[in-house]
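Undergrad: Protein chains in written order, with the working numbering: chain L, 1 to 475; chain X, 476 to 950.
Think of the hints as simulated: they come from the structure by calculation, not from any bench. Glycine included, C-beta positions come from ideal geometry on N, C-alpha and C. Hints are supplied without guarantee of correctness; some may be wrong.
Unchecked claim - Short, incomplete list of chain L residues facing chain X, as computed with Cβ under 8 Å: (1) G70; (2) Q76; (3) V81; (4) D85; (5) E192; (6) A196; (7) N200; (8) T203; (9) Y205; (10) L225; (11) L229; (12) V234; (13) L262.
What the hints assert, rightly or not - Computed beta-carbon distance windows for the label pairs: (14) X:H682 - L:T419: 40 to 48 Å; (15) X:N668 - L:S411: 58 to 66 Å; (16) L:Q182 - X:H580: 55 to 63 Å; (17) L:T419 - X:H555: 48 to 56 Å; (18) X:H555 - L:S164: 25 to 33 Å; (19) L:S249 - X:N603: 48 to 56 Å; (20) L:Q156 - X:N603: 39 to 47 Å; (21) X:H682 - L:S99: 43 to 51 Å.
Said to hold, decoys possible - Once the Cα atoms are required to be at most 30 Å apart in a straight line, the calculated DSS-like pairs of lysine-lysine come out as: (22) L:K170 - L:K276; (23) X:K727 - L:K113; (24) L:K285 - X:K645.
There are 2 protein chains.
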Amino acid sequence: MNFSRLSSVKTKADDLAKLTMDKHMRLAVTGLSGAGKTAFITSLVNQLLLGAENHQLPLWKLAREHRFLGAKRTQQPHLHVASFDYQGGMDALHSQPPSWPSPTHGVSEIRLKLRYTPQSMLWRKLNNTATLNLDIVDYPGEWLLDLPLLEQSYAQWCEHIESSLQDSRKTELASVWQAMVQDLDIHSIADENRMADIANTYTDYLHQCKQQLGMHHIQPGRFVLPGELAGAPVLAFFPLPAALANSPSKDKKQHKQSYLGLLEQRFEYYKEHVVKQFYQQHFIKFDRQTVLVDCLSPLNSGHDSFCDMQLAVNQILHSFNYGKTSLLRRLFAPKIDKLLFAATKADHVSIDQHSNLVQLLSEVVAEGKRHVKFEGITTDTMALASIKATQSGKAQLNGESISAIKGILQSDVESQQQTTLFPGEVPSQLPQQDFWQQQGFEFSPFQAPITSPYQALPHHRIDQAIEFLLGDKFK
Amino acid sequence: MNFSRLSSVKTKADDLAKLTMDKHMRLAVTGLSGAGKTAFITSLVNQLLLGAENHQLPLWKLAREHRFLGAKRTQQPHLHVASFDYQGGMDALHSQPPSWPSPTHGVSEIRLKLRYTPQSMLWRKLNNTATLNLDIVDYPGEWLLDLPLLEQSYAQWCEHIESSLQDSRKTELASVWQAMVQDLDIHSIADENRMADIANTYTDYLHQCKQQLGMHHIQPGRFVLPGELAGAPVLAFFPLPAALANSPSKDKKQHKQSYLGLLEQRFEYYKEHVVKQFYQQHFIKFDRQTVLVDCLSPLNSGHDSFCDMQLAVNQILHSFNYGKTSLLRRLFAPKIDKLLFAATKADHVSIDQHSNLVQLLSEVVAEGKRHVKFEGITTDTMALASIKATQSGKAQLNGESISAIKGILQSDVESQQQTTLFPGEVPSQLPQQDFWQQQGFEFSPFQAPITSPYQALPHHRIDQAIEFLLGDKFK
């Protein structure tokens, strides 16, 4: 018997088995609010639906080799989960003047059936075409920021919040709910109305941190994106000063009904029924993940906003870092094998700045990425524009010709006048003190581009993202 | 041994056991949109919170006997269920000018702890006071209209909708989604976008039936109150013409992915995960029920609107009619032992019309009530005003002095001018053809009354409702 031949048959049989098994994939897309999740998914779906005929995806091997036969939208697997509103996004882009797709506020999903010609000779003999069912799942990155709560008691969480208030800008915003908390006799029997009042004031504070200070690191994350839980007591809690949260109750019997007792109960309920539930219902099922990061807006907003973004993004990455805590292993078996970091809105800086943008993103995610790679997850980092809103151009600066971008600024929607500008140099490293003093960078939002419904959306490197995320599935 | 004494001790022990067991009660409040659920619960909570000191509850025996010691709001049992917004309602009533509390759109709950002096000598010796934990649960009556779906197949539901379209006013509104459905090749592979488009158009039609025609009998009920299910495929279905829904599929294999196949799947999913879930999570736990009915608005809107309201209310009562179908017995064990029918907004007609209003309500609910009573459920029927917006007065009609009402009409909010009017006679029977021809009735909405935060809200017969619903619990 010829062993090498036997082994070769076995390899082919393995390949075949792999192909038949590899028919489904759940690709998750996340990022903080404003990172561009909706635009990314809208463009990704658009490229896949129209990509077989459009020749806009040269970096995707399957399309380059003309083995991609096309895609169709089919019924999503979970009937009670919101559908990702692809059509709504396309309608917005094709309105006059075009507008960006509306942001999403919770989990949504969409399923595409991708058809292709397989590479394997054996498979091709058996079957002319193969199919990949691709589920794309969108969820707010903010929800992953709640992960650390799972390992904290209520008192520990209060300590954490107290230390975060050392930031002077937060101190001022926090004064209203803090004053309400100071007056509280935390061991007395709780008044539901007062609990709800303080919780509402704390939620207002979180909204202000987000909107006025450009902060992303909001805890608990569901307070600003409550969905179906709006008005429920599980969201009617708030932090106490650490000294109070740690003060023992005088009356053990009354404790359960006291302010402190209720705050502890609700904190535990939130961990168990809100945070864990997301991991168990959704996160556990993801095969691959894209983390989108908008590095440009925080460059505009200043040092603190940038640091907060960096902190939040790295906090998000802890969820992919199964090894670090036994807690996560208990919650879900590691499954994700590839993770893409993408700096979005690359069309909002000139093309010669793209490599700086990639390097900046690499530094932003460096810490989290190291842990993720240690888990055996393959990662890649790139800069992309999901829907390209500008053209490359040239501008004159001090008599020199420099790379610039050209498009309609969001502020010129009425006049529809084109502007050519050079937003400045993107730092290739985490910006140092002198960067913020010079303020050499000004990133301006552009209107969505005018596009035709018959052509795929213009983009930068969506094809490179597809190649990294899906490329190996089309053997 | 003295048997009669033994028996008397046994009775006392039974009484005692009953008292200790009777510590919790879940009182459900429902009604169609606009029936006045929020005003009823706001006033009920207000009367109980302030009732021990205010002397506004003479028809409640406990209060009359000065055995009611007071009530406090405490933590509701389900932390993930929205809290009934009592404080928001009171703030609206105490704003200037006062406004009615905002309507609710789903399930919400609130818990009160009622403290009283028990009647039983034995109990009084053991303990000076006793406590009843009262949960008040608010839910839309529309959700109960989906009950019949549980016994229908998709094709049977389509037949039912088709027959309901014989109403000529509906036919016109229905033309848009019907045209979209006509063009569908229901055995071809479904296009998700088109499914969603038609479902949205069907949902628009349901909203129009509700708003333009004043119809309440909307199926499926969740389409107009989607809550967390907004945008999910479980709400992306619609009825087909009965002949189409009954046409066998040509290709059994393709059926699952065809329009007809998906419509059938989603209809079944809706029954299983939306309709049944409400019964299992909430309905099964109710001890007593109030069904609120606004008989006055449909008297304004005309014959069809009145008939639709009557149909819808009786349809709601099917959910309390356990014996009728074995399905309901399988879904939940019968538990409700008292059911109150209340005609709301009695302050919007003159006081001499209240007895007519009760009689009219009795006729409206006659059919459903008969079945409910057959189940052994005790019922009562009354006319009430949760928050009294008018005063009784006298007016002159053709030289005669008649009973009238006086208050600020909703249309006079700006001028805050008082109006005295006689809205007409409420028919004491289901109105016949000549009633609609004469149009002798005109019911006008009044502004919420100006009230003091230190006094309980003015009302008509909330105390009578309390006596019926809770009275026997305070032994």
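Undergrad: Hints first: check each against the structure and report whether it holds.
TA: Right, here's what the structure says about each hint:
1. Given hint, G70 (chain L) at the interface with chain X, is violated; its Cβ is 14 Å from that chain's nearest Cβ, farther than 8 Å.
2. Checking Q76 (chain L) against chain X by beta carbon gives a least distance of about 6 Å; that is within 8 Å, so the hint holds.
3. Interface restraint check: V81 (chain L) against chain X, minimum CB-CB distance 6 Å, threshold 8 Å, status holds.
4. Nearest Cβ of chain X to the Cβ of D85 (chain L): about 7 Å, under the 8 Å cut. The hint holds.
5. Because the smallest distance between the Cβ of E192 (chain L) and any Cβ of chain X comes to about 5 Å, under 8 Å, the interface hint for this residue holds.
6. Residue-level restraint check for A196 (chain L) holds (minimum Cβ-Cβ distance to chain X is 7 Å; threshold 8 Å).
7. Taking 8 Å as the C-beta contact cut-off toward chain X, the hint placing N200 (chain L) at the interface is violated, the least distance being around 10 Å.
8. Given the 8 Å rule on beta carbons, the hint for T203 (chain L) is violated: about 14 Å separates it from the nearest Cβ of chain X.
9. Given hint, Y205 (chain L) at the interface with chain X, is violated; its Cβ is 20 Å from that chain's nearest Cβ, farther than 8 Å.
10. Annotation: interface hint on L225 (chain L) violated; nearest CB of chain X at approximately 13 Å, more than 8 Å.
11. Interface hint at L229 (chain L): satisfied, since its Cβ lies 6 Å from the closest Cβ of chain X, which is below the 8 Å cut-off.
12. With a cut of 8 Å, the hint placing V234 (chain L) at the interface with chain X holds, because the nearest CB-to-CB distance is about 4 Å.
13. Taking 8 Å as the C-beta contact cut-off toward chain X, the hint placing L262 (chain L) at the interface holds, the least distance being around 6 Å.
14. Restraint check, H682 (chain X) to T419 (chain L): a C-beta distance of roughly 43 Å satisfies the suggested window 40 to 48 Å.
15. Our hint of 58 to 66 Å for N668 (chain X) and S411 (chain L) is violated, since their Cβ atoms are close to 33 Å apart.
16. Checked against the hint of 55 to 63 Å, the C-beta distance between Q182 (chain L) and H580 (chain X) comes to roughly 36 Å, which is inconsistent with it.
17. Roughly 49 Å separates the CB atoms of T419 (chain L) and H555 (chain X), a value that falls within the hinted 48 to 56 Å.
18. A hinted range of 25 to 33 Å for the beta carbons of H555 (chain X) and S164 (chain L) is consistent with their spacing of about 27 Å.
19. The given range of 48 to 56 Å is broken by S249 (chain L) and N603 (chain X), whose C-beta atoms sit roughly 26 Å from each other.
20. Distance hint check for Q156 (chain L) and N603 (chain X): the Cβ-Cβ separation is about 42 Å, which falls inside the suggested range of 39 to 47 Å.
21. Between H682 (chain X) and S99 (chain L) the Cβ separation comes to about 25 Å, which falls outside the hinted range of 43 to 51 Å.
22. Taken as a hint, the K170 (chain L) and K276 (chain L) pair is honoured in the structure, with Cα atoms around 28 Å apart against an allowance of 30 Å.
23. This hinted pair checks out: K727 (chain X) and K113 (chain L) have alpha carbons roughly 21 Å apart, not beyond 30 Å.
24. Of the pairs offered as hints, the one joining K285 (chain L) and K645 (chain X) is violated, with about 45 Å between alpha carbons and a cut-off of 30 Å exceeded.
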